[in-house]
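Colleague: Sequence:
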Amino acid sequence: MATRLLTSNNTPDDGHTEDRTRGVSAFERLTGAFKSKTMPEKFEKWLNDKKAADTVFKSLQLHVNKAGQTLFDKPHFAAWVEYADKLSAKMPEMTVISILTKQYGDETLFNMIKTAKMNPSTKGLAIELETKQMEHWVAVKKDPAELFRFFKLDRDVKKVFEKPEFRIWAKYVDDLNTKNSEQPTWMYLTLSKYFSDVDQVKVMNAGEYSYSEKTKAMAIKLEDDWFQAGILNHKTPYQLLQNLRHGKTQYLYLGNVVSEDALVKIWVKYLQVFDRRYPEEKTTIMKALTEVFGDIGLVKMFDVVKSESWSNLVTKMKSAQLKMWLESGKTTDDVFKLLKLDDEANANIFRDKVLLKAWVSYLNDFVKKNPDQKDMLFSALQSRLRDRPLNEILNMAKKYPSIEKIAIKTQTDKISIYFTNNESPSHVFTILGLKDEGDGILGSPLFNLWMDYVKRFNNQNPDRQESWFFPLRVELIGGKLEYGGLRMIEKAIQNPTTVEIGKKVEREWLNFWLDRGTPPSLVFKDLHLNTADEKMNVLADRKFKTWTTYLDDFNERYPDKQTTMIDDLRDVLKDRKLLRVFEAAKNDRNTKNLVTQLQDDLIAKWMSEKRTPTDLMDRLGYIDSSGETIERYIKKLVSTNAS
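Our numbering puts the first residue of the sequence shown at 213, with every later residue one more than the last.
Derived by calculation from the structure, the hints in this document are not laboratory data. Treat the hints loosely; a few may be bogus.
Pairwise CB distance ranges (calculated) [what the hints assert, rightly or not]:
no.	residue 1	residue 2	range
1	Gln-594	Lys-667	23 to 29 angstroms
2	Gln-315	Lys-447	25 to 31 angstroms
3	Arg-600	Thr-808	53 to 59 angstroms
4	Lys-552	Thr-760	50 to 56 angstroms
5	Lys-364	Thr-282	17 to 23 angstroms
6	Phe-724	Thr-808	31 to 37 angstroms
7	Glu-720	Gly-650	44 to 50 angstroms
8	Asn-445	Thr-543	38 to 44 angstroms
9	Arg-831	Asn-742	16 to 22 angstroms
Note that the structure is a prediction, hence the values are computed from the model and not measured. Glycine residues also receive a C-beta, built at the ideal position from the N, C-alpha and C atoms.
The whole structure should be built from the sequences, with the hints applied where relevant.
Modeller: Now the structure itself:
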């Protein structure tokens, strides 16, 4: 029961329910201390006469608003609260909160209480009234959604768990359910009025990983509520997926799901709970996902999921999809058509390698179950498909033990036919699908077969010689080293089994540049030496040595276009970055002498450009590594002027 002294608001209020001073209530002390005064006599008379609390509220002028004064500041408000409490024991329909709510309305009263809680002198009374208001709302079954808005929880889903009002609101829902267990109210229903399922999932997931135990507890509580609401309302896993879709197109939704671990996590957990609750309707992840995304959508989803936390699940789901097709009696042709690989757009080359890879996986599983059909299947592929798409399938099939041998044999037989037909190496490079080998092509057995094909072709056609380098340069990497050629060479050189072919390709590339007269400064950029980390010793990089070789060869081939190492380095790196390169390389015994030589060359350039020490300090002085070089320049300048 609320008890408050009828005093000015200067008196601190430390209690929530009673002022325990001398063991008597505020009302008793009020009537005892002022028996000779008019106001206490009126309170006693009103109480004896059972005068309605709302009438007393107006008699005390508590309803009159005065500038700069709130209801809680008024001297008789605390005593009126106690009066109304005492009277409500005899007249339960006239409670403090019912009277105040009638006077101000739920939201205004809530905000008045919230403001009063911020004032130390009114905080205690405000907390008591807050509790009474909650009890009143429970009694009248106040809509949780309305309170959610009162508490301003509808404005920022990302921070909803961090707000203390959310815990108050959650407790209200709990209390409401305790009093009305036959008709439970779910937090989920309220949140769904303001936030999408996707946003709720994200905030639940973030809350469960919060450092705050209170936030974590709220997130877990909401997730439990979310699940219970769905299960009791018989929301199927398929329906939940549709809710998470939230109006998005399949393509956008697919991207949303695969980029958000939380969506996958919550859905899988829900599916497991649903299956336990409704075992007679037991579904599978694959069945539910297929209903939403379709077979093609699922294949693509599995491919784009990059999260390590879901890699194991994705692997299992890929296998489950293949198993589902297999158990449903689908032939390899059925799945080929299901994935639309038979479309005319795929006649010359398969446009979607992800779908093709899924089909080859199914081909492998199908052959393992039906080994007697293997020869027939591969024979049918040869008769149905053109060379390029056929080889794309064979290249993928070679990665599966159960069909590797027949794939290699089929491809070897095809290469023999190409040779018999005197097909050009460039064309064979294309139809073998060597472009798909990517950066690792130089270590590919198929590439070695093709290189042997080039050699045999040139021996057989002395008047029709073809370069092995041309298709590698043009078709694989678009004619530019930076489009993957550099990665291809570096990968090969780092592997002892392919280092020779890697160096061979690099030499061919240098010759190609030389034949075209490509300036060394551009080659420096093509080798990505200009983008190397400044803290790394670029001068010790293998590619830098390759570049210096090219520089020498270029100057020898084009004497009228000769350039120097320092000129090209300054052109590409500028003096600022060049000084940092010196700093990183000067402590390496393998590059120390080169740094000294380059510093001498740079100083000579500054001398010829008549740079002043002031100018150099203004432009380069802020660079830590500039001091040594500038100091050497000044000494050189002084020495020259003295002589």
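Colleague: Compare the structure with each hint and give your call.
Modeller: Outcome of the hint check:
1. Gln-594 with Lys-667: 23 to 29 angstroms: For Lys-667 against Gln-594, whose Cβ atoms are near 26 angstroms apart, the range 23 to 29 angstroms holds.
2. Gln-315 with Lys-447: 25 to 31 angstroms: violated (43 angstroms)
3. Arg-600 with Thr-808: 53 to 59 angstroms: About 56 angstroms separates the Cβ atoms of Arg-600 and Thr-808, which means 53 to 59 angstroms holds.
4. Lys-552 with Thr-760: 50 to 56 angstroms: Since the Cβ atoms of Lys-552 and Thr-760 sit about 53 angstroms apart, the hinted range of 50 to 56 angstroms holds.
5. Lys-364 with Thr-282: 17 to 23 angstroms: holds (20 angstroms)
6. Phe-724 with Thr-808: 31 to 37 angstroms: holds (34 angstroms)
7. Glu-720 with Gly-650: 44 to 50 angstroms: Violated, at about 19 angstroms.
8. Asn-445 with Thr-543: 38 to 44 angstroms: holds (41 angstroms)
9. Arg-831 with Asn-742: 16 to 22 angstroms: holds (20 angstroms)
Of the numbered hints listed earlier, those contradicted by the structure are 2, 7.
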